[in-house]
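Enquirer: This is what each chain is made of:
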Amino acid sequence: MEFTLIFTLHLPGRGISCFLHLHLSSLLAIGSAMKKGLAALFLIGTVASCVTREICDENNQSEMVAWFKTEADGAVSDTIFTTVSVYGTRSGEDFSIIYDSVSASRIVLPLDPNGVSTTFVIDFGSQADTLSIRHDTEYYLISYTCGFAALFTLEMIEHSGNVILGSEVINPVVDAELEQNEEHIWLYF
Amino acid sequence: MQNWNKMKNISGYIFKWIALLLLLLQVPGLSGQDTLRTFGPRIGMNLARFAYIFFDPSEIGAEFSVDMEVYRNLYPAVELGYSTLNESEGDFDYAMSGAFGRVGVDYNVLHQEDRSIHHSLTVGARYGMSVFSHRAVNVTIPSEYWGDFLLESYENTLTGHWIELVGAIKTELVPNLFMGWSLRYKILINPDMDPLFTPLIVPGYGRGTQERGIGFSYSVFYKIPLLKQ
Chain A
1 MEFTLIFTLH
11 LPGRGISCFL
21 HLHLSSLLAI
31 GSAMKKGLAA
41 LFLIGTVASC
51 VTREICDENN
61 QSEMVAWFKT
71 EADGAVSDTI
81 FTTVSVYGTR
91 SGEDFSIIYD
101 SVSASRIVLP
111 LDPNGVSTTF
121 VIDFGSQADT
131 LSIRHDTEYY
141 LISYTCGFAA
151 LFTLEMIEHS
161 GNVILGSEVI
171 NPVVDAELEQ
181 NEEHIWLYF
Chain B
1 MQNWNKMKNI
11 SGYIFKWIAL
21 LLLLLQVPGL
31 SGQDTLRTFG
41 PRIGMNLARF
51 AYIFFDPSEI
61 GAEFSVDMEV
71 YRNLYPAVEL
81 GYSTLNESEG
91 DFDYAMSGAF
101 GRVGVDYNVL
111 HQEDRSIHHS
121 LTVGARYGMS
131 VFSHRAVNVT
141 IPSEYWGDFL
151 LESYENTLTG
161 HWIELVGAIK
171 TELVPNLFMG
181 WSLRYKILIN
191 PDMDPLFTPL
201 IVPGYGRGTQ
211 ERGIGFSYSV
221 FYKIPLLKQ
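Residue numbers (this note's numbering), protein chains in the order written: chain A, 1 to 189; chain B, 1 to 229.
You can trust all of the hints, since none of them are fake.
Example chain B residues on the side facing chain A (calculated, C-beta under 10 Å, incomplete):
#1 P142
#2 S143
#3 L151
#4 T198
Hints are computed from structural coordinates only; laboratory data are not their basis. Keep in mind the model is a prediction, meaning the values are calculated, not measured. Ideal Cβ placement from N, Cα and C applies to all residues, glycine included.
Chain A extracted, bound-state conformation (with noise of 0.2 Å):
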């Protein structure tokens, strides 16, 4: 007796698909459990396996999110600059823009796995200050599809005080998976 069973198993959410594929063949054994009366045993011989076809549905960048705070009487609360324009630089080096003349509460800002500080310049319109942040680095398997991403520690916040009056680190840690209204530090005005 031999028959083959094929079926496909798609996982959402990591975008696994699994195929599994058995092959059966039997082998009777007559001989004396027949003879015995007892019912004859079958041997079943499977050839299982199972190719898996991960796709990756993951963003690998790790961003530092920083929220904008104003403190009034021991309370601190959101607040919005309505033109912020954010880039990044490196050695004297500047980068592409990331936040363009936007109005924003809070900034997403990708750090660098090629050191250990990354530098930003915040334009809040009028007037402009800079944002080093200093962390650890090491890197970890998000999926053998996805690969590597960085995961960043937090250790100092360093600025300029043209605009930006403190700063307090909420989350040290910062990795790839960016959960909805997840905070890192906190820029006070």
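The hints should help you fit chain B onto chain A, whose structure is shown.
Expert: The following block gives chain B in isolation, referenced to the frame of chain A:
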């Protein structure tokens, strides 16, 4: 998909001939005439491991087992094997090699009055351990804004531990020659064995990214007849 059908046809072709050969080896009327039960170590080889050559050529390995009935229906077992893997995955190359071992015991739930019948249906458990090394080269940490960071190589030697629940069937086709298969439910005890990245394959266990897994073996055994009683 064409390669899938080809591989399926090849494996089916091979197993058809194995089945036919074993049927031809059966000598009708001989098995069961002897009313004494044969005792001795039973040495097995996992044939399913060779199927990986067709379905996953990047992984090569072998697995052998030894078990023996030391008490009525109780079979202590030892399984040994090795596995190697070389694979390119996206932005990096990955290699793994190592050995594994399992120890445990099976209990035969197929109780028969005629003790000369050696067919068995067993349930059992195993403790497994693997010592292996894995290496990733040309690891790229992508950064769309700042530019990618290249980690040239990473290597680590790891030890994996797991436990298994095993269900198995073994049938004596001709005196002292058995074939059988087993189904295994595996639980990885130390999934975080590497702080940097999880191994792709833990030899003897399976996917290192899965803390639970199902395993299968299809083996041929020979029992060395040391004692009849």
